[in-house]
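*Asks:* Listed in order, the protein sequences are those of chains H and X.
For the first sequence, the numbering used here assigns the number 190 to the last residue and increments by one with no breaks.
For the second sequence, the numbering used here assigns the number 167 to the last residue and increments by one with no breaks.
Only part of the chain X face toward chain H is listed, based on derived beta-carbon distances under 7 Å: (1) Gln39; (2) Leu61; (3) Phe62; (4) Gly97.
In short, the hints are calculated from the structure, not lab data.
Remember, it's a predicted structure, so these values are computed and weren't measured experimentally.
Beta carbons are placed, not taken as given, at the ideal position from N, Cα and C, and that holds for glycine.
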Amino acid sequence: MAEVLLPRKMEIANGPSKFGSAHLLHVLAVDDSHVDRKFIERLLRVSSCKVTVVDSATRALQYLGLDVEKKSVGLEDLKVNLIMTDYSMPGMTGYELLKKIKESSAFRDIPVVVMSSENILPRIDRCLEEGAEDFLLKPVKLSDVTRLRDSLMKVADLSFTKKRELETEHAYSLDSSPRSQLKRAKI
Amino acid sequence: MDALVAQLQMQFRDYTISLYQQGFLDDQFTELKKLQDEGSPDFVAEVLSLFFEDCVKLIGNMARALDQTGTVDYSQVGASVHQLKGSSSSVGAKRVKGLCVTFKEYCEAKNYEGCVRCLQQVDIEYKTLKTKLQDMFNLEKQIIQAGGIVPQVDIN
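Construct all of the structure, not just a fragment, from the sequences and the given hints.
*Replies:* Printed below as a string of structure tokens:
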């Protein structure tokens, strides 16, 4: 007589609720304009994002730990999920920042969105070619931010779910007792 | 008490609408108001305050750049105008933004008289806006002090 074994309950989060209060999208916003920094910060907070705002590309690189004086900060704490940068900034431009990030093995996977008050097609093309996730015209709209957030959370959710699937498969394969053989039935 | 609140609310509504109709404010200002809530009740005032600080700083830069007893560096003037145009656009300061567009053209054309005229106008314009917004914020305060709530004003 076969024993019916119930499958072990797997904790796979479903839907965007996984990104609840413990896992907010952390956005690094870069803009030399004080007014625009205040504005983008508010847009992001209203959209339930964790926000870090800096006033220059140099400071953004310092925050990420990409500058010459590398800090041994626990990178997990400041894990940035999205960078939003103004295009025209004194010193290093947003475009140059974008390039530096995409050239970095540690940070090239972080999506970078470029913002500009000027609708210049060659500029937009250049940024997208360099790997920008999106190019937003200023003033940025709340709908732009929620759209970005939703698409990024979906990607993160998919990769999280995939990761859990792999972990679960691995957990099953480690336990080689006869009982566990039955548990391996497709759930 | 209710009659006072109602009167103040009507004043506030009319005043706000007039600011839009006279071109002082545009849709972006409406967007700013939408971002304000009980958790951030002074958001609009704070952003506008930063904007006015910007005006002082940037107009100062422009004035200095134009006040050369020699050749004027129009790209320097233009850089400040560009920044002011950006800030004014971000807060919905429609008239200031419009002046910046004209000012930018004069910079590109290296038109000294045009630039000086724009500088004077933009200085007057931001100060006018500041006064008008102060009056609007005061009406809001009066409504709240009289026990009322500030109404949402539908511009369209």
